[in-house]
Amino acid sequence: MKRTMITVVSWTLIISAISMVYFLNIIERKENEPFVEAMVSDNLLVNNKIIEHIGLAEEALKEFGAMSSEEAAKLWAKGMMTRNGVLQYAVMNKELQQDFKNHLSNENNTSWVTGTSSPWITSYEIIDQVDVSSKVKLHKIKFNLATAEGNEKPVYNTLTIMYNDNKWAISSIR
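Just so we're aligned: 23 in UniProt numbering is position 23 of the sequence shown, and the numbers increase by one with no gaps anywhere.
Hints are supplied without guarantee of correctness; some may be wrong.
Unchecked claim - No farther apart than 20 Å at their CA atoms in a straight line, the calculated lysine to aspartate or glutamate pairs in the DMTMM-like style are these: (1) K101 / E52; (2) K153 / E125; (3) K62 / D165; (4) K94 / E59; (5) K78 / E149; (6) K101 / E63; (7) K62 / E95; (8) K94 / D165; (9) K101 / E58; (10) K153 / D165; (11) K135 / D165; (12) K94 / E125; (13) K142 / E125.
Unchecked claim - Restraint ranges, calculated between C-beta atoms of paired labels, are given here: (14) S111 / E59: 17 to 25 Å; (15) I126 / S105: 28 to 36 Å; (16) S68 / N43: 22 to 30 Å; (17) M67 / V130: 15 to 23 Å; (18) D165 / N43: 37 to 45 Å.
Derived by calculation from the structure, the hints in this document are not laboratory data. Backbone N, C-alpha and C fix where the C-beta goes; we use that ideal spot for every residue, glycine too.
Whenever a hint applies, use it, and build me the whole structure from the sequences.
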């Protein structure tokens, strides 16, 4: 089965649709049910629904992939800048995806928001690309940072991006 390849704009639409499902999936309290019991009951139902939706979203993401190593690098960098773990996860290979999920569960994180609020990433650019082979590329990304006090020193990441299963996916982040 050939995988469907999508663009950055399509990823944004998918993320927006997933977010809408969460916000529209509100569980109503039953009439005459004590408030505390209703909250516990509703929270369990909401948590179960969120877990179900995340599982469905993960399955859907398997059908998509980056059409180029540069697109994978840009999506990951955009995910870093916007603190969107879903964008980051979407362009990782299976091993990194599992590590990412383990990290989220070890941190008792119930969302896919990544990074910190300060310093934050103000912009990014791919500053170097090395073609190791036709199926392996290295991309060096510069992240410009800021705090409420002003600009910080930039940080750099080097991504190893490999072509496998008809898509480009990040296999290491340094």
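Going down the list of hints, with the structure as the test:
Annotation: proposed proximity of K101 to E52 holds, straight-line Cα distance about 15 Å (limit 20 Å). Simply put, K153 and E125 have alpha-carbon atoms about 14 Å apart, close enough for the 20 Å limit, and the pair holds. Annotation: proposed proximity of K62 to D165 holds, straight-line Cα distance about 11 Å (limit 20 Å). Our distance criterion of 20 Å between C-alpha atoms is met by K94 and E59, whose separation comes to about 12 Å.
For the suggested pair K78 and E149, the alpha carbons sit about 23 Å apart, so the restraint of at most 20 Å is broken. Annotation: proposed proximity of K101 to E63 holds, straight-line Cα distance about 18 Å (limit 20 Å). Between the alpha carbons of K62 and E95 the distance comes to roughly 13 Å, so the proposed pair stays at or under 20 Å and holds. In summary, the hint linking K94 to D165 is supported, as the alpha carbons are separated by about 11 Å, within the 20 Å threshold.
Proximity of K101 to E58 is assessed by CA-CA distance (about 11 Å); at most 20 Å being required, the pair is judged to hold. With a C-alpha separation of about 38 Å, the suggested pairing of K153 with D165 is violated against the 20 Å cut-off. Restraint check for K135 and D165: satisfied, since their Cα atoms lie roughly 11 Å apart, inside the 20 Å limit. Simply put, K94 and E125 have alpha-carbon atoms about 25 Å apart, too far for the 20 Å limit, and the pair is violated.
For the hint linking K142 to E125, the alpha-carbon distance of about 5 Å falls within 20 Å, and the restraint holds. Evaluation of the 17 to 25 Å hint for S111 and E59 yields a pass: the beta carbon distance comes to about 19 Å. Checked against the hint of 28 to 36 Å, the C-beta distance between I126 and S105 comes to roughly 31 Å, which is consistent with it. In this structure, S68 and N43 break the distance hint of 22 to 30 Å, their C-beta atoms being roughly 43 Å apart.
Look at M67 against V130: about 19 Å separates their beta carbons, and that is inside 15 to 23 Å. D165 and N43 have their C-beta atoms about 38 Å apart, which keeps the hinted 37 to 45 Å range intact.
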